[in-house]
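Colleague: This is what each chain is made of:
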Amino acid sequence: MASKSKQVADGSNKVKLQDSAWKRALVANAEWPDKEEFLDVIYWMRQAMGIILGLFWGLLPMKGFVGLLLFVLVNAAVIYFYVNNFQNIDEEEYGGLWEITKEGFMTSFAGFLVTWIIIYTGLHIADTL
Amino acid sequence: MWSDSLLIVFISICTAFLGEGLTWILVYRTEKYQKLKVEVERQSKKLEKRKEAHGDSLDKQHKKKIEREEERLKNNNRDLSLVKMKSMFAIGFAFTALLSMFNSIFDGRVVAKLPFYPISWIQGLSHRNLPGDDYTDCSFIFLYILCTMSIRQNIQKLLGFAPSRAASKQGGALFAAPPAQFK
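For the record, the sequence lines run as chains Y and V.
Going by the working numbering, the first sequence opens with residue 5, and the numbers climb by one from there.
Going by the working numbering, the second sequence opens with residue 5, and the numbers climb by one from there.
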């Protein structure tokens, strides 16, 4: 991702804009001059979350519709918290909360299902079929 | 059963790379495509900025300018899809053949167990060509589609072949909105 060489001036944080987007993603109230960069961070966060939740759900093992519903809720809640409370982003700049909420959702959902199904099958189903 | 599921993940990773590789050879590396892509992205961003700046103004001159740019973007978008289309057809045919081959290999085999009971309109896919009434049995095609959905798009994004958000947003808006001259 592109890096910039300006210093954040408002004093709300001490992160330099020349830091990579991933470094800034981990710092609260970081500056995001490029919208695409921030949406990319949300996208990849979602993908990682899909795989991690799929892994957990498979290990537990979580079963049924509850698993799907919980994934959607946790996924949306984490992103909502990250955008509104951690980064304090004005969601209107990104076309509303809906645009951020659906960013990379389907791909992450598919990744989650694949991980969940495979781990569940491998660990909890006797290989008799 | 587990080895089948892992094999399917591997197959979909391979086909995703193969698909992107073929598209790169036939489309992405061509000069025409690259030129058009840069142009569409530049115009989309420009148009978005202009709309943000003058979105609510009723100034006729601005409106006309925006309409003219929309028209130009539409033409470029159309050219871009035409460049893509030919090779997409070729790749589509190749992949349909590949898919039917895998389909016959995994025919009637339960490749995984679903941890949830699929809703009725998914069952046709998730239980395709499988014996018995246990709808938590998962067929090859269902797992393959899920794998492709997640893996292909992520690979596209990693390799930088995914269309930019501005371009797809403007493209979508252009197709959704009624033509400006009829308003």
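Where hints are given, some of them may not hold.
Straight-line C-alpha distance at most 25 Å; calculated BS3-like pairs for lysine-lysine [unchecked claim]: (1) LYS27/Y - LYS68/V; (2) LYS27/Y - LYS106/Y; (3) LYS39/Y - LYS55/V; (4) LYS39/Y - LYS78/V; (5) LYS64/V - LYS39/Y; (6) LYS90/V - LYS78/V; (7) LYS161/V - LYS39/Y; (8) LYS53/V - LYS39/V; (9) LYS68/V - LYS55/V; (10) LYS27/Y - LYS90/V; (11) LYS106/Y - LYS64/V; (12) LYS117/V - LYS39/Y; (13) LYS67/Y - LYS68/V; (14) LYS117/V - LYS41/V; (15) LYS68/V - LYS78/V; (16) LYS106/Y - LYS39/V; (17) LYS39/Y - LYS49/V; (18) LYS49/V - LYS117/V; (19) LYS106/Y - LYS55/V; (20) LYS39/Y - LYS90/V; (21) LYS68/V - LYS106/Y.
Quick caveat, the hints were computed from the structure, so don't treat them as lab data.
The model shown is predicted, which means the values in this text are computed figures rather than measured ones.
Colleague: Compare the structure with each hint and give your call.
Modeller: Right, here's what the structure says about each hint:
Distance check on the hinted pair: LYS27/Y and LYS68/V sit about 43 Å apart at the alpha-carbon level, beyond 25 Å; violated. Restraint check: the Cα-Cα separation between LYS27/Y and LYS106/Y comes to about 23 Å, which is no more than 25 Å; the hinted pair holds. A hinted pair counts as satisfied when its Cα atoms are at most 25 Å apart, and LYS39/Y with LYS55/V qualifies at roughly 16 Å. About 24 Å separates the Cα atoms of LYS39/Y and LYS78/V, which keeps this hinted pair within 25 Å; it holds.
Annotation: proposed proximity of LYS64/V to LYS39/Y is violated, straight-line Cα distance about 30 Å (limit 25 Å). A threshold of 25 Å between alpha carbons decides the hint, and for LYS90/V with LYS78/V the separation of about 19 Å falls inside it, so the pair holds. As the CA atoms of LYS161/V and LYS39/Y are separated by approximately 16 Å, the hinted pair is consistent with the 25 Å bound. This hinted pair checks out: LYS53/V and LYS39/V have alpha carbons roughly 21 Å apart, not beyond 25 Å.
For a cut-off of 25 Å, the pair hint linking LYS68/V to LYS55/V stands: about 12 Å separates their Cα positions. Taken as a hint, the LYS27/Y and LYS90/V pair is broken in the structure, with Cα atoms around 42 Å apart against an allowance of 25 Å. A C-alpha spacing of about 35 Å is found between LYS106/Y and LYS64/V, which places the hinted pair above 25 Å, so the restraint is violated. This hinted pair does not check out: LYS117/V and LYS39/Y have alpha carbons roughly 41 Å apart, beyond 25 Å.
Only pairs whose Cα atoms come within 25 Å are accepted, and LYS67/Y paired with LYS68/V is rejected, the gap being roughly 56 Å. The hinted pair formed by LYS117/V and LYS41/V fails the criterion: a straight-line CA distance of about 43 Å is larger than 25 Å. Taken as a hint, the LYS68/V and LYS78/V pair is honoured in the structure, with Cα atoms around 15 Å apart against an allowance of 25 Å. For a cut-off of 25 Å, the pair hint linking LYS106/Y to LYS39/V is broken: about 30 Å separates their Cα positions.
This hinted pair checks out: LYS39/Y and LYS49/V have alpha carbons roughly 12 Å apart, not beyond 25 Å. Note on LYS49/V and LYS117/V: the hinted pairing is violated, with a Cα-Cα distance of about 46 Å set against a maximum of 25 Å. Using a Cα cut-off of 25 Å, the hinted pair LYS106/Y and LYS55/V holds, with the two alpha carbons roughly 23 Å apart. At most 25 Å may separate the alpha-carbon atoms for a hinted pair to count; LYS39/Y and LYS90/V exceed this at roughly 33 Å.
Restraint check: the Cα-Cα separation between LYS68/V and LYS106/Y comes to about 33 Å, which exceeds 25 Å; the hinted pair is violated.
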